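Undergrad: Same order as they appear, the protein sequences are chains A, B and C. Every letter in the first sequence is one number past the one before it in this note's numbering, and letter 56, counting from 1, is 56. Every letter in the second sequence is one number past the one before it in this note's numbering, and letter 189, counting from 1, is 374. Every letter in the third sequence is one number past the one before it in this note's numbering, and letter 5, counting from 1, is 512.
Quick caveat, the hints were computed from the structure, so don't treat them as lab data. Remember, it's a predicted structure, so these values are computed and weren't measured experimentally. No residue lacks a Cβ here, since even glycine has one placed at the ideal position from N, Cα and C. A portion of the hints provided could be inaccurate.
[Stated by the list, open to error] Here chain B is said to cover these stretches of chain A; the calculated rule only asks that three of the stretch's residues, wherever they fall, bring their Cβ under 8 Å from a Cβ of chain B:
hint	region
1	56 to 63
2	66 to 77
3	86 to 99
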Amino acid sequence: MIEVLFFIAAAVALISAAMTVTAHNAVHGLLYLVVTMLAISLIFFLLGSPFAAALQVIVYAGAIMVLFIFVTMMLHQGEKSLLEEKQLFQISGSIGAFLLSAVLLVELVYVLAGFASPQLINGSEGYFTIQTITVKELGIQLYGPYQLLVVIAAMMLLSALISAIHIARRQKNPMQADEEGDQTL
Amino acid sequence: MSDFLGDITGDFIIPIVILVALLLAGAWSTWLERRILAWWQDRLGPNRVGPFGLLQVVADMIKIFTKEDWIPPFADKVLFVIAPMIVMIMMMLGFAIIPFAPGIQIAHFDNGLLFLLAISSLSVYSIMLAGFSSNSKYALLGAMRTAAQMLSYEVFMGLAIMGIVIVADSFSLSKIVEAQADMWFIIAQPLGFFLFLFAGIAESHRAPFDLPEAETEIVAGFHTEYASMKFGMFFIGEYLGVILISALITTLYFGGWQGPWLPPLLWFILKTSFFVLFFILLRAAIPRPRYDQLMAFGWYILLPLALLNLLVTAAWQLAPTL
Amino acid sequence: MISIHWLLFLSLALFSIGVYGVVARRNLLFILLSLEIMLNAVVLLFIAGSSFHGNPDGQIMYLLILTLAASEVAVGLGLVIHMYRQHHTLDVDKLSQLRG
Numbered sequence: 001m002i003e004v005l006f007f008i009a010a011a012v013a014l015i016s017a018a019m020t021v022t023a024h025n026a027v028h029g030l031l032y033l034v035v036t037m038l039a040i041s042l043i044f045f046l047l048g049s050p051f052a053a054a055l056q057v058i059v060y061a062g063a064i065m066v067l068f069i070f071v072t073m074m075l076h077q078g079e080k081s082l083l084e085e086k087q088l089f090q091i092s093g094s095i096g097a098f099l100l101s102a103v104l105l106v107e108l109v110y111v112l113a114g115f116a117s118p119q120l121i122n123g124s125e126g127y128f129t130i131q132t133i134t135v136k137e138l139g140i141q142l143y144g145p146y147q148l149l150v151v152i153a154a155m156m157l158l159s160a161l162i163s164a165i166h167i168a169r170r171q172k173n174p175m176q177a178d179e180e181g182d183q184t185l
Numbered sequence: 186m187s188d189f190l191g192d193i194t195g196d197f198i199i200p201i202v203i204l205v206a207l208l209l210a211g212a213w214s215t216w217l218e219r220r221i222l223a224w225w226q227d228r229l230g231p232n233r234v235g236p237f238g239l240l241q242v243v244a245d246m247i248k249i250f251t252k253e254d255w256i257p258p259f260a261d262k263v264l265f266v267i268a269p270m271i272v273m274i275m276m277m278l279g280f281a282i283i284p285f286a287p288g289i290q291i292a293h294f295d296n297g298l299l300f301l302l303a304i305s306s307l308s309v310y311s312i313m314l315a316g317f318s319s320n321s322k323y324a325l326l327g328a329m330r331t332a333a334q335m336l337s338y339e340v341f342m343g344l345a346i347m348g349i350v351i352v353a354d355s356f357s358l359s360k361i362v363e364a365q366a367d368m369w370f371i372i373a374q375p376l377g378f379f380l381f382l383f384a385g386i387a388e389s390h391r392a393p394f395d396l397p398e399a400e401t402e403i404v405a406g407f408h409t410e411y412a413s414m415k416f417g418m419f420f421i422g423e424y425l426g427v428i429l430i431s432a433l434i435t436t437l438y439f440g441g442w443q444g445p446w447l448p449p450l451l452w453f454i455l456k457t458s459f460f461v462l463f464f465i466l467l468r469a470a471i472p473r474p475r476y477d478q479l480m481a482f483g484w485y486i487l488l489p490l491a492l493l494n495l496l497v498t499a500a501w502q503l504a505p506t507l
Numbered sequence: 508m509i510s511i512h513w514l515l516f517l518s519l520a521l522f523s524i525g526v527y528g529v530v531a532r533r534n535l536l537f538i539l540l541s542l543e544i545m546l547n548a549v550v551l552l553f554i555a556g557s558s559f560h561g562n563p564d565g566q567i568m569y570l571l572i573l574t575l576a577a578s579e580v581a582v583g584l585g586l587v588i589h590m591y592r593q594h595h596t597l598d599v600d601k602l603s604q605l606r607g
């Protein structure tokens, strides 16, 4: 049962990820990515990490992707941006990129399959014995030996906040003002 | 055999009964709102169809089902159809973890509160997609407002709920209800309750925080282009949202099904209906704030208060161990 | 039973799809999306390792990556908006003014 769920989720994740990178409509691409996130969240759940699964939905699908859609909706211009995007990207024009990433995939699988040989994964033949890691265990670890990580994460978020405000703020540059006039976005 | 019967009741009959009851409650709360609002405003409200106008809902349903199911030609068709479904599905899923009474709960989930936050963050999509796919200015404006409003108020909702988690020492809703046997959490978490209430109103985008669909400013917001059954789904979804938030307030802060004399299920329904009525009263009593006022209220007032609440609760909980 | 090899393959395949996106797309928004896919692939590996070995370290790394992704998206989307304001397009090939 668990394998079947895993394979369905994995297939959904791969297909929708492929649809994301090949979509022409930005909002459709984003929604495929949301589906990828939900599939990955299901896999986390099957692996016995309910907290990570919940965070994947709350933070990734619920906050980060909504921000993306927010910006896309602001910049979207209907048919015009669709046509522009079709000029910028066609699947037929990206065979080189496809070949390169396929080669990368083969190499990665080759190298990592060697590392994950049965001797190295202490004789369990690579099969999971699923053990749930509770939120409490995680919290004890996080505020015990990993205290520094919390501080680092906080610093990172603060710096991102400040730089995002600085970048996205409308600059009072006279040269630019001439160019744009009163146009808002 | 009795095990089998027990499984059937637990796995199929109870969820279906809950589902049907919720849909009916969602539909009839539209009637309740119109009657009660009319009563408070010295009017009569719908009173023609059936006794007290109770069958008005049926008449509305017939009307809504037989209307033309129109999809605007300029809309993004697939998204336009999916959007109202998402809100219904998400609201229904939210009820899966609510403990209605001992034993009457669809999913006994250890991380119920996290599931709930996930549900509420995914329900933003229905409104954003509705706004985007309608391809109309007012719908887009409404959707943008909603996105910002719901993203912001989710933060305060999560922070307010964390106070409960600290006191009850569990993410499971049934354990939270059991932890309130001696004392309701409204006494332990008064500030958290108000934060959750504000965040809940904003999340279900009801008046006074109904800026996503402010009629006087942006026509009808995200569902401007919707008609017929798809509009009906948004409508029922909104009322289900109100019932969900009321059920959550009851579960988290007012002891859930706990209460003397009466059976637990009745207590739960009574408490939940009280909050549904409270939501309707809010709509009748309070004017809508401006959009920037809403956001400023959230980030400048609710956020510091939520953090303070969390800090004090944690300190209170840790103090005996020092 | 789920095998670690399947997860390994899933993660690597997702990563490669992300790489393909970054290389092939010219729209800044889609490049950011592809980066998200790559981050997700890495995260999947961390969680798989954590639950395979039964210790929470991988999940703590997941929390760090999650904050990293949030910060990256905040700054990245700020750049997207800024670029759209200045160039009225999201084509990264147009950003060639520093070329000598």
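Undergrad: Against each hint, give a clear statement of whether it holds in the structure.
TA: Going through the hints against the structure:
1. A count of 5 residues in the region 56 to 63 of chain A with a Cβ less than 8 Å from any Cβ of chain B is obtained; the coverage claim is therefore met, three being the minimum.
2. For a cut-off of 8 Å, the count of residues in the region 66 to 77 of chain A with a CB near a CB of chain B stands at 7, and the three-residue condition holds.
3. For the region 86 to 99 of chain A, the assignment as covered by chain B is violated, since 0 residues bring a beta-carbon within under 8 Å of that chain's beta-carbons and 3 are needed.
The earlier numbered hint that this structure contradicts is number 3, and it is the only one.
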